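Chain A is already provided as a structure; the job is to place chain B on it using the hints.
Protein chains: 2
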Amino acid sequence: MKLNSNYDNLKQNYLFATIEQKVAEFKANNPERELIYMGIGDVTLPLSKSVTEATKAAADEMATAAGFRGYGPYRGYGFLLDAIAGYYAKRGVDLCHEEIFVGDGAKTDTACFSDIFAKENVIAVSDPVYPVYFDSNIMDGREVVLIAATRENGFLPMPSEDLKADVIYLCSPSNPTGAVYTKEQLKVWVDFANKNDALILFDAAYEAYITDPSLPRSIFEVEGSRTCAVEFCSLSKNAGFTGTRASYVIIPKELERDGKNIGKLWLRRQSTKFNGTPYIIQRATEAVFTEEGQREVAEMVGYYQENARMLVDAFTEFGIFFTGGVNSPYIWFEAPKGKTSWEFFDLLLNEVGIVSTPGAGFGVNGEGFLRLTSFNTHENTARAVELLKKVL
Amino acid sequence: MKLNSNYDNLKQNYLFATIEQKVAEFKANNPERELIYMGIGDVTLPLSKSVTEATKAAADEMATAAGFRGYGPYRGYGFLLDAIAGYYAKRGVDLCHEEIFVGDGAKTDTACFSDIFAKENVIAVSDPVYPVYFDSNIMDGREVVLIAATRENGFLPMPSEDLKADVIYLCSPSNPTGAVYTKEQLKVWVDFANKNDALILFDAAYEAYITDPSLPRSIFEVEGSRTCAVEFCSLSKNAGFTGTRASYVIIPKELERDGKNIGKLWLRRQSTKFNGTPYIIQRATEAVFTEEGQREVAEMVGYYQENARMLVDAFTEFGIFFTGGVNSPYIWFEAPKGKTSWEFFDLLLNEVGIVSTPGAGFGVNGEGFLRLTSFNTHENTARAVELLKKVL
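Chains A and B supply the protein sequences, listed in that same order.
Heads up, the first sequence is in the numbering used here, so the first residue is -14 and it goes up one at a time.
Heads up, the second sequence is in the numbering used here, so the first residue is -14 and it goes up one at a time.
Bound conformation, chain A alone:
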C-alpha cells in the first residue's frame, strides 16, 4: 500500500510542536527558571460562571432518562443555532438555521473544509499565515500561492490583477499580525471573488477583539459577500474555549460554485465524517450568547485587551515597529538589530524566559518578526514588559 505522499511536502513538525520541543529542552536544562508563555495563542482565564453552570446543568440533564440526548442534529441543536443567529442579528446580519453549522473548533473546520474542493483548485493564502490553511491544503496536494503580507501593505494584502486563485483564505483580525481589514478592503476582495468565480474562506476567530466600530467583525457586513464567502468562527479566544472546543461555520444558503450548493456539500461531508459537538458543550456554548454570558465575554476579552495595551505602550516606548495589539490579542513586532525570528526567539527564551512565536514560522515574510500574545495575566504581562526592556 501507499501512503499520502503529499505529507512529504510538509515541514516535519507543526510550528507549535517545534516551539513546545524547544521549551521542553530549555526547561530540562534550566529546571529552576520560570517562563512567561506568550507563544501559542492559548487563553488563561477560567471558564465563566454562566458557561460552567450551563455545563453542569447539561451534565445533570444527561443523567436523567427524560433529559438524555444521544446523536444530535448534524448542524447542531436548534437552541444553539438560535443563539448564534441572535448574535449575528445584533450586527444586522440575518441568518437562518440552514446557514449555521456547529463544529468543534475553527482549526478543524478550516482544515477540513477543503475536503469539498477539487484537487486542482489553486489556493491563495497570505504570507505570513496561520499554518493550518497552508498545511491542510499541502496535505491534499493542492497548489498554494502566497500573497505577500508585508510592512509596506500593513500586513493586509490585496488582490492584484494577475492573481489566479480559486479559494482565498482571509483572517481578520489577522493571526499572526493582528492587522484588520476595513470594510472597503474586504469589499475589494469580495468583488474579486465574485468576478473570478473564487470562494473566500473568512476566519473571524478574533472578531471579539475589534473595538473600532467602523471595522467589520463579519465578512457578511460587506455587500456581495453572500455569493462568495464562508465564515468561520471559534469560541476559543472570546469565551476561553481552547480546551472546551466549539465553533461555527456560516454558509449563505444561496452560495453556489461549480453548479452546486456549498452548504449542502458541507452538510454531506459533516454527516459522513463528524457526529456533532457534544450536547454538554453545545449547552455551554449557548450560555456564551446569553446576556450574562456576553457580559462575561466582554470582561474576559477586556482583560486580555488591557494586556495588549500594556504591550502596545511598551513597544511604542521602545520605538520598535509593530502591528496589532489594538483590535487584536496579538502583537507582531520586528526583531531588533536585524536579528532573525528564531535568533530573537532563542534570545527571549534563554535570556529573559519569555516564550514567543517566531514570525518565520508563519512564512517567508514573517522573517525578522515575532508574535506575542496578550493571553496571560496582568502580572506576567507587566513582568514581560520589564524583561523586554532589557533586551530591546
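Honestly, I wouldn't trust all of these hints.
Which copy is meant is left open, so a pair is good if it fits within one copy or across any two.
Taking lysine-lysine and the BS3-like style, the derived pairs with C-alpha atoms no more than 30 Å apart in a straight line are [said to hold, decoys possible]:
1. K12 to K238
2. K104 to K249
3. K149 to K75
4. K104 to K149
5. K(-4) to K12
6. K245 to K104
7. K249 to K238
8. K324 to K168
9. K7 to K249
10. K180 to K(-13)
11. K7 to K245
12. K104 to K(-4)
13. K104 to K(-13)
14. K(-4) to K249
15. K(-4) to K34
16. K238 to K7
17. K(-4) to K238
18. K(-13) to K172
19. K104 to K324
20. K7 to K375
Hint data in this document are derived by calculation from the structure and do not stem from the laboratory.
Computed from a predicted model, the values in this text were never measured in an experiment.
Chain B alone, transformed into the frame defined by chain A:
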C-alpha cells in the same frame, strides 16, 4: 473553481438521513401514532453517575485559575491514556501512551483516517457495511471493492486468494449484522494483511457486547496484528456517549507501511486538522474506565443485552432467520415472504410503528434483511416483540 466531483458518486443522502426523513413524513401524517425507535444505533439510557460527577467536577475545575486547561496534548491527556492502557492491559494487551490517540468519535476517526492514504489504494469493505467506511473513501475518489457477507458465510467474509486490497475495514461485532469473528478467523485476515502489505482498520465499537470469552474483543489479541492493524473504538455504545463524543484509536508504535510510521503520520494529521477532545469530556471518559465506571458500563450494557435476548427469543419463536443479538446489540433478520428491505421497513413503520433499518441501505447483500437495535427500554422492546408477532 471546481468542487470535489467524487461527491457525485455518493447516494444523495446518508442512510440514516433518509430514514429520518421517512419517519418525519410518517409523523406529520400520523401525529397521534407513537413510534418505537429501533433504527439508528442510538442509546437511550442516561449517563452514569461516575460520568456525570466527573463532568461536573471538571467543569468546576475549569472555572478556577489553577484548574483551567487550554489546548490539550494532541494525543489526549496522560490520565486518559493511562486509563485506556489499563483497560487493554486487563485483556493482556500492552499499550504505551504513544500508541493511543483520543478522538471525538469512531465515525470521525474511521472516516478521517484515510486522509493519510494515497488515492490509488484499493479499499476493501464487507457488503453489507457501515456506510461511513464506504462513503468516506468514495468522497476521496478511491476504488472500493466489496467482499460479500452473506447468509452462507455467516456474514463473516474471509479473504479469497485473488483479493487485491491495500486497506481492509473489519467491524466485529459487526455493524449491521451482529456477527463476530473468532480469533482463528481474524488470524487469517492478519496473515493475509502481513503477507500482502495491506493494512487492517479494525472497528471494535461493539466489543463491550461480547459475552463469549473465547471471542476477541480487540484485534491485538491476535498474533501478528501489531504489524498490520489499527484499532478504533468508541464510548458511544458501552458508556452511552453518542451525544457526549469520545473515542480512541490504537496504532502499534512499530506499525509501518510504505517506509513510514503510521502513528507519526496520523499524529501529523491530527495536530493539523483537530484540536483534541474537550478536557471536560476527557475527564468524563476517564471515569468510564474506573472500577465504579466499569461496573456502571456492565450494568448499562447488560440492560441492552437483556433487550437483545428478548428479540433473539422472539425471532427464534417466529422461526425467522437472524444473526446477532448474542455478543452484539444488533439483530439482523430476514424479511418475511420474500419482501425487500425497504418494503418491510415501510410495513413495520406504517402497520406497527416500529422504526428499523433496511438492510439494503448497508449494501447489495443486505437486500431482504433488516436491522433492529436493542438500544431501547425493556418496555418498548417487549411492546415491539408483541407488535412484530402481528406482522411476522
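Hints and how they fare:
no.	hint	in the structure
1	K12 to K238	between (51 Å within a copy, 27 Å between copies)
2	K104 to K249	both (19 Å within a copy, 24 Å between copies)
3	K149 to K75	neither (36 Å within a copy, 58 Å between copies)
4	K104 to K149	both (15 Å within a copy, 26 Å between copies)
5	K(-4) to K12	within (24 Å within a copy, 54 Å between copies)
6	K245 to K104	both (16 Å within a copy, 24 Å between copies)
7	K249 to K238	within (9 Å within a copy, 39 Å between copies)
8	K324 to K168	neither (35 Å within a copy, 62 Å between copies)
9	K7 to K249	between (44 Å within a copy, 19 Å between copies)
10	K180 to K(-13)	between (40 Å within a copy, 15 Å between copies)
11	K7 to K245	between (46 Å within a copy, 25 Å between copies)
12	K104 to K(-4)	both (20 Å within a copy, 21 Å between copies)
13	K104 to K(-13)	both (18 Å within a copy, 8 Å between copies)
14	K(-4) to K249	between (34 Å within a copy, 13 Å between copies)
15	K(-4) to K34	neither (41 Å within a copy, 45 Å between copies)
16	K238 to K7	between (46 Å within a copy, 24 Å between copies)
17	K(-4) to K238	between (37 Å within a copy, 22 Å between copies)
18	K(-13) to K172	between (44 Å within a copy, 23 Å between copies)
19	K104 to K324	neither (39 Å within a copy, 43 Å between copies)
20	K7 to K375	within (22 Å within a copy, 70 Å between copies)
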